[in-house]
Amino acid sequence: MKPNNIIEHYNKLSSEAFQDESSDNLDIYNELGIDKEDYLAFKLKFVKRLKIKIKAKSNRLKNQELLELALLKLKEIIDCRLGSTKEKLEALISKNYPQFQFRNLEKLDDDDIREALNEIDIIDFIEQIDKLDNVAH
Amino acid sequence: MDRIKVISEKLDSISDEEWLAIFNKLTIYVKFKLKGRTRYGAHSDANLGIDAINFYIEDAIQKLFEHTWDWKFEEYSLLEQLKRVIGSTISENVRKENIKKNLKERNVYAGNTLEIIPTDSEKLIWLAEEMNTSEDSTKETLEQFEKILVECSKDEPDLELLVMALLETDDSDEIAKQFKWDKSKLYTLQRKLYRRVRKYAEVQKIKF
Numbered sequence: 053m054k055p056n057n058i059i060e061h062y063n064k065l066s067s068e069a070f071q072d073e074s075s076d077n078l079d080i081y082n083e084l085g086i087d088k089e090d091y092l093a094f095k096l097k098f099v100k101r102l103k104i105k106i107k108a109k110s111n112r113l114k115n116q117e118l119l120e121l122a123l124l125k126l127k128e129i130i131d132c133r134l135g136s137t138k139e140k141l142e143a144l145i146s147k148n149y150p151q152f153q154f155r156n157l158e159k160l161d162d163d164d165i166r167e168a169l170n171e172i173d174i175i176d177f178i179e180q181i182d183k184l185d186n187v188a189h
Numbered sequence: 011m012d013r014i015k016v017i018s019e020k021l022d023s024i025s026d027e028e029w030l031a032i033f034n035k036l037t038i039y040v041k042f043k044l045k046g047r048t049r050y051g052a053h054s055d056a057n058l059g060i061d062a063i064n065f066y067i068e069d070a071i072q073k074l075f076e077h078t079w080d081w082k083f084e085e086y087s088l089l090e091q092l093k094r095v096i097g098s099t100i101s102e103n104v105r106k107e108n109i110k111k112n113l114k115e116r117n118v119y120a121g122n123t124l125e126i127i128p129t130d131s132e133k134l135i136w137l138a139e140e141m142n143t144s145e146d147s148t149k150e151t152l153e154q155f156e157k158i159l160v161e162c163s164k165d166e167p168d169l170e171l172l173v174m175a176l177l178e179t180d181d182s183d184e185i186a187k188q189f190k191w192d193k194s195k196l197y198t199l200q201r202k203l204y205r206r207v208r209k210y211a212e213v214q215k216i217k218f
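Order-wise, the sequence lines are chains W and L. Quick note, our numbering runs 52 ahead of the 1-based positions in the first sequence. Quick note, our numbering runs 10 ahead of the 1-based positions in the second sequence.
Wrong hints could be hidden among the right ones.
Claimed, not checked - Going by beta-carbon spacing under 10 Å, a handful of chain L positions derived as facing chain W:
(1) A31
(2) K35
(3) Y39
(4) K190
(5) W191
(6) K193
Claimed, not checked - Derived DEER-like restraints, expressed as beta-carbon distance ranges:
(7) L:H77 - W:E120: 21 to 27 Å
(8) W:E158 - L:L58: 18 to 24 Å
(9) W:E120 - L:N108: 41 to 47 Å
(10) L:D181 - W:D76: 24 to 30 Å
(11) L:R205 - W:E89: 53 to 59 Å
(12) L:P167 - W:L96: 41 to 47 Å
(13) L:R13 - W:L96: 25 to 31 Å
(14) W:L96 - L:S98: 21 to 27 Å
(15) L:D22 - W:E117: 26 to 32 Å
(16) W:E120 - L:E68: 29 to 35 Å
(17) L:K215 - W:I104: 44 to 50 Å
No lab work stands behind these hints: they were computed from the structure. For every residue, glycine included, the Cβ atom is placed at its ideal position computed from N, Cα and C.
Model the full assembly from the supplied sequences, consistent with the hints where possible.
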């Protein structure tokens with residue numbers, strides 16, 4: 053079919069031609085006023101930085117989920133469980149988690165607990181609580 | 011395994027060499043897609059904050075990594091998918107720019123109390139942008155360009171054939187088939203033609 057717009061057609065074929073493996077594309081980089089090697093190295097760094105950023109964000113989210121899980125487990129024990137389990141929990145906290153500063157657990161609100169949880173090894177804490185829970189059952 | 015995780019793993023498995031090849035091709039792709047349309051308007055540095063090539067490439071990659079755009083890896087290679095994201099973002103930016111332009115014009119003609127009257131330089135910028143849009147190339151520009159192609163190919167038989175074919179068909183496979191050229195030869199000739207046209211335009215101080 054005869055092209056409607058020869059400039060567009062010419063640009064499209066030029067684009068294909070310069071994307072072909074057989075081209076080093078130096079003409080295009082010169083035209084753009086870019087040093088090809090520096091530019092590509094910079095772009096590679098961009099991907100690496102992006103990967104780190106995404107990973108950090110994902111870790112933050114995971115950590116947030118764990119924190120909420122720990123909060124839930126802690127509140128379950130504080131609110132409804134057997135008195136003996138609660139005592140064991142208080143003993144565990146006062147012995148191993150000074151971040152709670154021996155405060156009366158029942159007087160802590162969610163934000164206080166989150167703040168304290170933020171400062172401890174959250175996975176270890178959940179494991180410890182699960183052990184208490186298992187003992188109680 | 012959920013889809014997001016699968017895509018993340020696929021993106022993580024792309025090697026540095028593959029990324030370099032992708033960036034190289036995308037740079038060429040965006041350069042030609044926006045040729046002559048980056049000085050003013052939707053694709054200008056002023057509108058995008060950075061130059062158009064960097065903006066569209068980085069934006070597309072970020073969209074895939076952040077999963078705001080699904081990589082349909084079952085259908086497209088990473089390069090193909092990124093080209094699709096870029097194409098869509100370019101169209102979206104043009105659409106937004108047109109809305110902005112229309113709103114400004116409407117405000118002027120409606121005698122709106124919050125009247126926004128384009129300055130003379132804005133009007134010139136819009137006009138220049140329209141003229142630079144390849145879809146809107148005038149008949150004279152296209153005729154002038156055809157003459158340049160003929161002029162730049164006239165001492166080399168293969169280039170003459172290529173230009174003749176370019177003017178007659180928009181199908182590059184058809185061109186290669188017609189002259190029994192493999193794609194590599196077609197591309198080599200096209201690059202040669204491109205260099206000549208660029209040099210000619212520089213000497214003659216022509217922009218298109």
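Hints, one by one, checked against the model:
no.	hint	result
1	A31	holds, 8 Å
2	K35	holds, 5 Å
3	Y39	holds, 6 Å
4	K190	violated, 18 Å
5	W191	violated, 12 Å
6	K193	holds, 7 Å
7	L:H77 - W:E120: 21 to 27 Å	holds, 22 Å
8	W:E158 - L:L58: 18 to 24 Å	violated, 56 Å
9	W:E120 - L:N108: 41 to 47 Å	holds, 46 Å
10	L:D181 - W:D76: 24 to 30 Å	holds, 27 Å
11	L:R205 - W:E89: 53 to 59 Å	violated, 21 Å
12	L:P167 - W:L96: 41 to 47 Å	holds, 42 Å
13	L:R13 - W:L96: 25 to 31 Å	holds, 26 Å
14	W:L96 - L:S98: 21 to 27 Å	holds, 25 Å
15	L:D22 - W:E117: 26 to 32 Å	violated, 21 Å
16	W:E120 - L:E68: 29 to 35 Å	holds, 33 Å
17	L:K215 - W:I104: 44 to 50 Å	holds, 47 Å
Violated hints, listed in ascending order, are 4, 5, 8, 11 and 15; each of the other numbered hints is respected by the structure.
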